[in-house]
Amino acid sequence: MRHSNHPWRHVWAAAAALLAVLGCAGERALIGSSDEPAIYLVLERAPQPAPDGAPPTDSGLRALVVTSAGPQSPSYREVESFALRRSRDGANFDWRIEPATGLVPTVNGSLDGPVVGNVVLPWTTTGTGLGRDSLLAGETYELRVVSEGRLIEGTATLPGVPQPQLQVTGMTQTIVWPRAALAAAYVLVADTEQLGAVLTTDTTYTLRRDRPASQRPPTLRATVIALDANVHAMVTDTTRHASGVRGARGIFGGVSRAAIELPPG
Amino acid sequence: MMCVVLLSMTPRQVAPQGGARLVHGVVTDTTGQPLPDARVAAIGSAFTATTDARGRFILNAPRTGNIELQIRKIGFLGLTRPLRPDEGGQDDPIRLTLHATPLPLAGLVIPGERSVPLGQTVTRQSVRQVPPLGEPDVMRALPFVAGVSQPNDLLNRLHFAGASADESLILLDGHPIQSLGHLSGVIGGFNVAAVDRAELLLHHVPVTTPSRLGGTLLLETRERGAIGGEAVASMLSSGVTTSTAHRGVDVLASGRLTYLDALSRRLFGETSAARDPIPSYGDAMIRLGGELAEGRAELLSYFSRDWIGQRERGGARAISSGEGLVGARFVRERQHSRLSARASLDRMLVARASATVDPADALALDQHWASAAITYDRDLTGALAWSSLMGADSRVHRHRWSSSADLAAPELPVRFRASDRQTLLTTAHELRFTARSTTASLGALVSSTGGRAFLAPRFQVGAAGPGGTTWQFALDRRYQFDSQAGAPLDGEVPPPFFLRERPRRSDGLGVILERTSRPFASTQLHLSVTGFARTFSGRSVALAAPRDSVLRDAIEFDRRDGRAVGLSIGTTATTGGGVRLQAQYTHARTQERPADRWIPADWDAPHQLAALVSIPVPGRITLTTALQYRSGTPVTPVETAVWVPSSTSPGRLDRRLVLGAPNSARLPAYHRLDIALRRTWSPGRAQVTIALQAVNVLARENVLAYDWNQYLRQLEFGGRPRASRSATPLIPSIGLEVHW
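Heads up: the sequence lines are chains A and B, in that order.
In terms of this note's numbering, the first sequence opens at residue 1 and continues consecutively.
In terms of this note's numbering, the second sequence opens at residue 1 and continues consecutively.
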């Protein structure tokens, strides 16, 4: 190094070099995006009960085929073909594609499952295929979807329908049900409970009746939902991005449910 | 092992080397008081000496040529003067007088003051220039040093030259200590008044000095033999430090106690304090030393304690933690040899303080570290010297918890109970060469545990060139036999260390080029360039344990490799008007290989800038401004989401985030501007300083982490995403120092 008569020259040179380097330090995006397909289809024989008790306008069973896009909202994806086949006899279901574009609407970061799907299954069987009323517990179903050139396949088995009963012992009310065939776990939803839903592998649940009376509906009900292995795996393993489906993220599974009325008070 | 640390204790009795002669001298201040720990050098040569408690030194100086002596001591103006051939005889020692500096010192890192090759020195006076987080703290000053990073400025976790935070070792007067400080690492564990200096050894650690992979921080207590004291008060605590000497015996006593909890109760009331308890802390240190006929003996005791909660009142979790150290060291010096010995016993404890707590909710981390070492140095010939070390470490760790909630480390099992024991034997040998302007050393440290031995060779060479230019180069291999199970979170008990029979290893090189310009227009400039490259192998990382309630008795560790490379450019400028500038820019990349691919380590920050400007303003006030900038730390971005059945509301689909490639994005860059004003009076023989300071004066939110679900919701509602954990907020403080 040569002797310098101008020490500050070094400082300015170093500062200039530093600023040049700092200027190149860009930040990468924290939120990414993906063009991977994603699907959501959970088979269930019973229609969703309408909130006002009116009969459902369609079967309420819809599939959602989307592009994952960013994490905030998926975007609808064009579906070329959507086939659901009963493994036992190869019978096809009458899925109907309802073309949709743009972002799937979210409500507080969630999707309304029965509403936002872009493929719908009619309630009754027609000449073009089976309807929702042909979904049966214990049957295995095979899915084959082609969307924007991507093939999505999956297999799911509908679990048996639980048979809940209320047992009252003194002040204790317990809901019990025998094991449903092929059910991996159960979700219990009761109007008397502060907890919205309870996931359990047991076949009994003692009601706490801790929801305030002001928040309870006039008619109290308890619903037991049997989950197949695909849905159970997706719900319990929070690191999973696909269950029961190949060629896409998402889920293809089945549930069965049954409800009983609970005594007031 | 203490040969390096003890250099400052007594004047080194060395034999004249080839072409050299012994120069005897005494250094005093203007009142005639001897000045210990002053460094004396023969300019243009590698020969240096340090004065003892009576200000005496013996320097091995070149016999021929125009020799200039340079004498430096922290807090005094440097002195350079020619040495006549007839000066400095044993019976007629040369007498040198230093003048105290009227103003605080220059930059944070003191150029040329290191006592270990490639080391970097931070002094107590320098620490006080850094606008503090409540009160001056050595650990808060270190991020201004090249090669040191502190990704989370809420914690005293430092990364040395690309190493992880559990790969640094702290020695207090040569004794290993285990705790990073008070308040779970927010405040340093030492009253800065009791510390003389911190030597940071990143790129070369002599084989006789204990180390972890990243390096060693040598904390030296206040000068031996000095008489005086300090009382300091801040918004957090008050402390008193006093030192005295009489008839060859010197005592240093220092204590500090917080009143944060009491202040909180007064300000916010008992109810608030019970609901949200404020931690309390205190520490104390006593050092007793005595000059012997041929050496010195010293006893050191250090004690620190933290406590939080009021015996379960209001449901508070009463946790106490602390560390206790008792150490002794001894040195005997003769004309051609030096023998030094050290014994240390350190215990760190974290436990629930209340006896009324449910036994099922217990927490106890208990770590004992006993160690001893004997070092023997011998001058062989004129230019060669030899050092040997024999050491032993015995560590016992007992860990127990029934709920990992206090530790807040997701890797740890919920319930745990185990004890761990390790005996480590070490021996080291080093050959040193000193010529007119060149130093070199070659040595090896052998560590043995569990029936296996590990060889760590080390090499260092340095030279002084013309015109104030020096360079030093080192190659080091290091081993580390412990590992921290997880990274601590702010305000939580740090996860414990576990002893590892199979060590992790690091190999690296470091080079430092330095040049100090001759004064020009009353301005002196010091430039340094530091480069380093290190590889890390077998770094142990705790594997996440199942989150069940099974009582476990072992932690599973994964092994992964790492690497780091960096280049720092630093400058220190001092003008005749008293303006001081220190700036440091480091470009470094730190990577780990958790699987088959190299990814940025969690603490990787490619660009780091730290600058400190000190300007005297009228009225004996000094204005100091400190700027820190670094790239944002790596983070795993959110790539997309899948929609899954809600576990709480049937029919609803909840978002489940899909993360992208690990550590492939970065958080926003970190900026912090701190300001301090210091005003000094000198009533009588005392000196009083009042400091007003503000950390993060621009109140910038520096992001430490995002909660991605919250982040997305804020974006969806059109707001600016806020951090779930952010770094130091705007913190103003006031401090008072009285020196006598």
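It is possible that some hints are incorrect.
What the hints assert, rightly or not - FRET-style restraints, in silico, Cβ to Cβ:
id	chain 1	residue 1	chain 2	residue 2	range
1	A	Val107	B	Gly269	36 to 44 Å
2	A	Leu195	B	Ser726	28 to 36 Å
3	A	Arg221	B	Glu492	38 to 46 Å
4	B	Ser403	A	Gln165	57 to 65 Å
What the hints contain is simulated information worked out from the structure, not anything from laboratory work.
On a predicted model such as this, the values are computed, not experimentally measured, just so you know.
Each residue gets a CB set at the ideal place from its N, CA and C atoms; glycine is no exception.
ask   = Any of the earlier hints contradicted here, and which numbers?
value = Structure breaks hint 4 only.
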